[in-house]
Structures are given as structure tokens and as C-alpha cells.
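Asks: Make the full structure from the sequences, and use the hints.
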Amino acid sequence: MLELILKPWPWYVAGPLIGLIVPALLILGNKSFGISSSFRHVCAACVPSNIPFFKYDWKKERWNLFFVAGIMAGGFIAVNLLTASTTVTINSSLATSLHEKGITDFSGLVPADLFNWNSLFTLRGFIMMVVGGFLVGFGTRYAGGCTSGHAIMGLSTLQLPSLIATCCFMAGGFIMANLILPYILSL
Amino acid sequence: MKTVVTLEKDRNTDFETRSLDTICVNESHLEHSWVHNLKYSLMGILFGIILVKAEVISWFRIQEMFRLQSFHMYGIIGSAVAVGALSVWLIRKFNIKTFYGEEITLHPKEFNKGQIWGGLFFGLGWAITGACPGPLFATIGSGATVIVVSLLSAIAGTWVYGKFRDKLPH
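These protein sequence lines map, in sequence, to chains C and V.
Per my numbering, residue 1 is the first one in the first sequence, and the count goes up by one each step.
Per my numbering, residue 1 is the first one in the second sequence, and the count goes up by one each step.
No lab work stands behind these hints: they were computed from the structure.
Label-pair restraints from in silico Cβ distances:
#1 Lys60(C) - Tyr74(V): 29 to 37 Å
#2 Thr105(V) - Glu3(C): 38 to 46 Å
#3 Tyr183(C) - Leu38(V): 44 to 52 Å
#4 Phe121(C) - Leu90(V): 49 to 57 Å
#5 Lys163(V) - Leu163(C): 26 to 34 Å
#6 Gly143(V) - Glu3(C): 16 to 24 Å
#7 Tyr12(C) - His36(V): 32 to 40 Å
#8 Pro108(V) - Asn178(C): 32 to 40 Å
#9 Val35(V) - Thr96(C): 48 to 56 Å
#10 Asp166(V) - Leu123(C): 29 to 37 Å
#11 Thr122(C) - Thr105(V): 44 to 52 Å
In silico BS3-like pairs for lysine-lysine, Cα to Cα no more than 27 Å straight-line:
#12 Lys113(V) - Lys55(C)
#13 Lys167(V) - Lys113(V)
#14 Lys59(C) - Lys39(V)
#15 Lys39(V) - Lys97(V)
#16 Lys113(V) - Lys163(V)
#17 Lys55(C) - Lys167(V)
#18 Lys97(V) - Lys60(C)
#19 Lys55(C) - Lys163(V)
#20 Lys59(C) - Lys97(V)
#21 Lys163(V) - Lys60(C)
#22 Lys60(C) - Lys39(V)
#23 Lys163(V) - Lys59(C)
#24 Lys93(V) - Lys39(V)
These stretches of chain V come out as covered by chain C in the derived footprint (C-beta under 8 Å, 3 or more residues):
#25 39 to 50
#26 104 to 115
#27 146 to 159
All C-beta atoms, glycine included, are put in the ideal place defined by N, C-alpha and C.
Replies: Here it is as C-alpha cells:
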């Protein structure tokens, strides 16, 4: 059993478990599953700057901040206590194309060649970490939710706007990964 | 002219209501001490563990998804939606109440163009960073400290959206 936990979990274990978070949060206290709202609550708590969008009672939503703090702790626990090896077995054609861009270290969940403090101040590192993060925060709030809020919670409750949003998430991802990212990785 | 200005203002004020931004709102009207929130931290810990153990936080897995080189992420999102939808259907069918006996409320989301434009922007960012918001938090916890910069940048992105919200197409 422990050996099974230490290995990477297959999709048919992880997916249903993630799906169960939806009813769990509803039953625990009428909370809708979502993560990106936490960014808004941080803005509302720290830098509201008199912007109407950030003037609301964020303390009422603080459960969400407890939730994301838990996610961070869960990441720590999983890597340090529940993982034998973080090497990800990746698709061979992806490996080949990444090799061509000088990305050869597949030992971590995050490619150490791309995401590290030293490369933060290179053009490629800046785009990958700062611009990428900005697009995630800007886009999710503009769309009114992220993968959890729209793709999982929204689709679970059969909302058409969430289906539209999810299709656009995927479209944006396909455009970036296939058409733009190869140029960024070559920088 | 004056009426138009007022209407425009009203319309913008309407954007600030929670009805257009219903995702992840707290539908409970009960007041609890903060200790009650620890159960959400526990749920977060479970979610974080799943994200790491299923390699959802792996930049490589996200690249495989967007290059159609692996079924893994499609399987995860698809089965999560299936189980989520079945659970919500059961909650409605048997009128299941919350732990505190409250009626479970689901807010319908309204369509606006933000779901298209914002969705595309988020998709671009997702494929660059290899992380949507949940994995951003889990990745930091897993030890990739530099992702704190991406998280702060995401918060800045949310702030910029809030600042220019009434100038963006919705």
C-alpha cells in the first residue's frame, strides 16, 4: 500500500479524488471550489487602492485563503513524505524537442533549466516566470475563474459559460505550447 | 447625454456585484470563528497532495497535454468533472444539506465576453508556466521557491485586471 502511495498516482485515482473536493466543500460549508479568487482576496486585503473591484468584505471569503495555504502545505508534505522519486517519465518526442532547446534536466516536477532564481533575470526566464504568472492572474480573473472554478466546478454544475471558458483556456494553451513557446524557449 | 453617463456608471457598478463573478463565493451566511476555516486547510492539504502525486504540477505534463502527447491530464480533468457532476446531481436529488444544516446553493454563472478573452489569456499563461492557480501554490510548497515570483506576478495580474476592468470588453 505504502509503495503504491509513493509512486505517481494514475489519472483514474487522482481525477475522481479531485472531483470529490466539489461535494466536500459544498457539504462542509456551502463553498464553491475555486482557487483564482484567492488572488483577488489578497488584492482586496493588501492593495485595494480604492478600486471598486477590490472593495468588498474579503474577510467573509477568508476560507479560500485557508484553502490555498493548505494546498501549499500539501505540496510540501507530498514531496517530502510521500514521494520516492520526482522524475517524470515524459513523452519521447517532447523529450527530443526539449533537448534541442537545451532542456535536459527532467529530474524535477518543474524543469530546473527553466525555472530557477538565476534565470529570473534573463529574457527567457522573465517571460516564463513573470509574464506567464501575470497572464495566469489577469486571465483567470477576467474569465471569472480558473481550471478549478470553471473547468471542474463550473462543468460539474453544467454551466455553459464555464464550458466556453474551458474551451478558451485550452485554445490559449494550444496556441502557446505549439506556436509561441518554441520561440520563447529558443531565447 | 447625462442619462447615458449615469447608465454607463450603473452598468459599471453592476460589474462590481458578485453576480458576475460568482466563482468561489461563499454562499454560507453563518458566522464562525476562524478555527472553523481549518477544515478548508485540511481539504487544501489533500488537494495539494493529489496535485503533486498525480504530477499535475509538472510543467512537462502540461506541455504533453497541449501537444496531445499524453492522455494523463485529460483523464484527470475528465474524471474529476464526471465525479463532480455526479456528486452535485446527488446533492440536488436528495436535497443534501451542509454540515451546519444550511441549504446548498449553487450560483448560476452568466455569460460575458470575459470568459473568451480572459480564457485565452489564461490559456497562454498556463502553457508558459505549466501551472494554473492551484498548482502554483502546490509548486511553491514542493520546494520550487522561485515560483513565489510567478504567484506575486499572478496577484499583480489580478490587480491590473481590477484596475482596468471597466475599460475591458465584457
